[in-house]
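With the sequences and hints as input, model every part of the structure.
Protein chains in written order, with our numbering: chain A, 1 to 70; chain B, 1 to 291; chain C, 1 to 396.
Derived from the structure by calculation, the hints contain no laboratory data.
We put the beta carbon where it would ideally sit given N, CA and C, even for glycine.
Treat the hints with caution; some may be incorrect.
Calculated lysine-lysine pairs in the DSS-like style (CA-CA distance at most 30 Å, straight line) [claimed, not checked]: (1) B:Lys167 - C:Lys285; (2) B:Lys59 - A:Lys11; (3) B:Lys188 - C:Lys55; (4) C:Lys311 - C:Lys369; (5) B:Lys84 - C:Lys50; (6) C:Lys55 - B:Lys84; (7) C:Lys50 - B:Lys167; (8) B:Lys193 - C:Lys55; (9) C:Lys207 - B:Lys188; (10) C:Lys207 - C:Lys285; (11) B:Lys239 - B:Lys157; (12) C:Lys55 - B:Lys157; (13) C:Lys207 - B:Lys193; (14) A:Lys39 - B:Lys59; (15) A:Lys66 - B:Lys167; (16) A:Lys11 - A:Lys38; (17) C:Lys207 - B:Lys59; (18) C:Lys373 - C:Lys311; (19) C:Lys207 - B:Lys84; (20) B:Lys190 - C:Lys55; (21) B:Lys190 - B:Lys235; (22) B:Lys84 - B:Lys239; (23) C:Lys207 - B:Lys190; (24) B:Lys235 - C:Lys373; (25) A:Lys38 - B:Lys59; (26) C:Lys216 - B:Lys59; (27) B:Lys190 - C:Lys50; (28) B:Lys193 - C:Lys216.
Computed far set for chain B versus chain C, every beta-carbon distance over 10 Å [what the hints assert, rightly or not]: (29) Asp7; (30) Lys84; (31) Ser109; (32) Ser272.
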Amino acid sequence: MSQVVRAFAPKADPDKCIGCGNCQLYCPEGTVMLNENKKPIFDYRYCKGCGVCANECPVHAIEMVKEGTQ
Amino acid sequence: MINEQFDRRYTDLLMQGGTQCCPGCGGPLFWKIALEALGPETIVYGDGPCAMCALRNIKVPFFAIHFSFIADGATGISAAMRVKGREDITIVSSGGDGATGDISFGKVSAAAERNENIIQICIDNEAYMNTGIQKSGLTPFGAWTTTTPTGKESNKKDIPLIIAAHKVPYVATASVAYPRDLQAKLRKAKEIKGFKYIHTVIPCPTGWRFDPAKAVEVTRLGVDTWTWPLYEVEKGVLKMSRKPEQKPVTEYLKAQGRFRGLKEDQVEHIQSEVDARRKNLLAQEGKSLTL
Amino acid sequence: MSFTRMMEGNEAAAWGAKLARAEVVPAYPITPQTELISSIATLIADGTMKAEYIKVEGEHTAMAAAVGASVAGARVFTASSSQGIAFMEEALWQPPGRRLPIVMCMVNRTMAPLGGLRPDHTDSLLQRDLGWIQLYCENSQEVLDTILMGYKVGEDRDIYLPVAVCYDGYFVSATATPTTVPDQAQVDEWLPPYRHEWYSLIPGEFKMPPQESFLKIRMGLEDALQRSKKVIEAVDKDYKRRFGRGYDGLLEEYNCDGAEAVIMTMGSMTGTARDVVDEMRAKGKKIGLIKMRGFRPFPTEELQRIAPKYKALAVVDRNNSFGSAGGGIVSMEVARALYSVPDRPLLLNFHVGLSGTDVTMRQIEYMCKETLKAAETGKVKRVVDWVEAHDLGEVM
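Next comes the structure, spelled out in structure tokens:
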């Protein structure tokens with residue numbers, strides 16, 4: 001697998017999250033999933049930082065931060 | 001720990017995360033959604049769109065030739081499966097818009113005429129994106145591409161309607177912005193014998209010119225403005241999947257850089273075309289679309 | 001039960017496909033192949049043959065469906081001619097590149113706009129570089145037998161190559177000659193079911209050849225073609241042992257004992273040439289005939305071995321390669337094969353039967369005489385001789 005180059009990475013605020021699953025549903029790569037606590041976790045090996053998850057979150061619980069600071 | 005969880009997830013999803021597609025590409029999103037509905041007893045045949053990069057990550061048997069070979073290889077695979085007594089395996093044949101609408105158009109039509117027992121999918125990003133954004137027959141009116149720098153002068157070919165005219169058992173339009181709808185359609189198609197056609201417009205942030213984060217949002221606008229209405233044609237009868245409150249088409253057009261050059265009269269033309277189609281669809285709802 | 005009756009080449013080919021138990025037949029009609037596929041349709045309809053016959057909408061699709069079916073594990077048969085072969089050209093690269101043992105009949109027909117429906121060999125020879133095995137048949141019997149041999153050779157797990165069984169439109173395809181159709185049970189014993197060890201599309205058993213460099217794939221393909229020479233010979237001998245008919249593999253020397261001059265023919269004209277050579281031999285002329293049955297892989301080693309026996313060798317090209325280094329396609333390959341042979345014969349090249357005109361006994365006699373003259377005088381009058389341009393008197 002080639003190196004993933006990302007400018008931004010997703011970071012979740014579990015307190016804001018309502019566990020709706022939108023992020024998991026709409027992530028084009030499948031690199032967002034809800035864990036056993038129904039909070040989003042990210043596969044930073046393959047996430048491209050596209051930002052769809054953050055955009056689709058109805059409560060803005062996901063923020064796109066500068067790569068390296070997630 | 002998290003990595004193992006994800007590795008297990010990719011196995012369940014039948015798709016490896018991390019494709020070579022652009023960030024925000026609707027291709028991997030389509031396959032991620034589709035494979036969940038199709039399940040492991042599936043063979044995928046197909047090529048063409050840069051969503052092809054997504055196909056390299058799927059975890060079901062896959063075979064492709066070129067985009068000028070759409071539906072034909074699947075025809076052969078389908079025949080071989082009949083010979084082997086394995087008609088239980090779902091055969092999905094996919095192609096992009098250039099493949100389905102242009103270079104392999106005759107082939108898709110012929111496969112429909114033969115009523116091949118396949119699910120023919122068009123993954124439509126509305127131009128030849130893989131080769132650097134050139135116009136296809138399915139590029140919408142007014143869109144910028146490298147070969148239509150002043151905006152496409154002709155209309156988008158209406159492939160779903162053309163296929164419906166072949167009197168195949170099932171035709172549908174779908175959107176990655178409405179994944180459950182797409183999955184329901186795929187599950188329904190799986191149970192039908194004969195030629196099934198599902199046409200999905202997918203977002204292309206690179207070719208349509210918008211922030212990748214808006215990929216699903218823009219796609220949703222396509223449906224909500226009735227630019228890309230969702231419907232089924234089952235045994236010739238039209239059924240609307242969604243009848244959203246119509247948003248003005250400018251919301252959809254303004255969200256994409258490829259429509260930046262549109263003049264006011266062109267926008268009006270687009271709106272009137274969309275309105276006419278909405279009117280016709282609503283009028284034909286519940287009726288047979290074929291003559 | 002085996003049976004013998006008068007049969008046209010196309011019908012014989014259909015019986016070949018039936019005996020081989022071809023499972024998927026994607027095909028599109030084109031003159032002069034049409035009776036082949038309609039014969040298959042009839043055999044299927046009356047229950048004699050069991051196969052999936054896909055009535056595709058064009059030749060490009062026919063070959064594409066063939067590739068899909070072959071990768072998916074079915075034994076595939078198809079056929080085309082001329083414009084149809086050209087139309088499927090893009091797809092013709094797939095079987096050799098992917099090492100799929102598809103057997104197809106190329107029912108030779110000239111290419112438009114340089115002719116109508118009649119045969120010359122340009123259509124199949126045009127595809128010579130792709131990696132298909134190409135075998136040229138003289139009559140209906142040979143067509144049937146060669147199809148069976150084609151599957152045996154192509155499906156050899158050391159080979160895995162597609163085979164083109166070529167035969168002249170009309171002169172073979174539509175000419176009835178006595179043909180023996182062997183017993184199905186005997187063929188089943190000789191030709192096992194198709195099983196490609198590199199490919200499977202069944203979920204849970206998914207298999208594709210490993211990702212190799214293109215260089216490796218190309219070298220592998222070339223290697224397989226070279227290896228196939230021995231397999232073609234061995235299968236031919238085995239077929240003769242089993243069914244009583246053999247064709248000497250890639251090259252046949254006919255009535256060549258003591259010959260000083262030989263002409264080399266391909267396809268249906270070989271039958272006529274046999275008669276002419278026999279007649280001339282009876283009159284004491286030292287002329288022989290070489291039948292080129294296999295054009296790909298080119299029988300270089302065998303030709304290098306037998307050619308020095310003769311003083312003059314005439315290659316008869318029923319094709320054109322416009323603007324070529326010198327003459328027709330077969331003669332140029334022969335020249336290359338013999339280039340390094342120190343005691344090689346004088347080389348003559350004749351064009352005849354172009355666009356499917358009849359190749360007459362008088363024309364063959366002319367070619368034989370010219371070749372004998374060259375053997376005698378040590379000189380070649382014309383490097384490339386378009387026989388039809390001469391007025392040779394009334395047709396004989």
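Status of the hints after comparison with the structure:
1. B:Lys167 - C:Lys285: violated (70 Å)
2. B:Lys59 - A:Lys11: holds (29 Å)
3. B:Lys188 - C:Lys55: This hinted pair holds, its Cα atoms lying about 28 Å apart.
4. C:Lys311 - C:Lys369: holds (13 Å)
5. B:Lys84 - C:Lys50: Distance of about 13 Å is within 30 Å: holds.
6. C:Lys55 - B:Lys84: holds (20 Å)
7. C:Lys50 - B:Lys167: Holds. Lysine 50 of chain C to lysine 167 of chain B sits at ~29 Å (cutoff 30 Å).
8. B:Lys193 - C:Lys55: holds (19 Å)
9. C:Lys207 - B:Lys188: holds (29 Å)
10. C:Lys207 - C:Lys285: Not satisfied, since the Cα-Cα distance of roughly 60 Å exceeds 30 Å.
11. B:Lys239 - B:Lys157: holds (21 Å)
12. C:Lys55 - B:Lys157: holds (27 Å)
13. C:Lys207 - B:Lys193: holds (27 Å)
14. A:Lys39 - B:Lys59: holds (27 Å)
15. A:Lys66 - B:Lys167: Given that 30 Å is the threshold and the Cα spacing comes to 53 Å, the pair is violated.
16. A:Lys11 - A:Lys38: holds (15 Å)
17. C:Lys207 - B:Lys59: holds (12 Å)
18. C:Lys373 - C:Lys311: holds (10 Å)
19. C:Lys207 - B:Lys84: holds (17 Å)
20. B:Lys190 - C:Lys55: At roughly 24 Å apart (the allowed maximum being 30 Å), lysine 55 of chain C and lysine 190 of chain B satisfy the hint.
21. B:Lys190 - B:Lys235: Holds, at roughly 15 Å.
22. B:Lys84 - B:Lys239: violated (36 Å)
23. C:Lys207 - B:Lys190: Within the cut-off at roughly 24 Å; holds.
24. B:Lys235 - C:Lys373: violated (76 Å)
25. A:Lys38 - B:Lys59: holds (26 Å)
26. C:Lys216 - B:Lys59: holds (26 Å)
27. B:Lys190 - C:Lys50: holds (27 Å)
28. B:Lys193 - C:Lys216: violated (42 Å)
29. Asp7: holds (19 Å)
30. Lys84: Given a closest Cβ separation of 7 Å, the condition is violated.
31. Ser109: Not fine: 8 Å to the nearest Cβ puts serine 109 of chain B too close to chain C.
32. Ser272: holds (37 Å)
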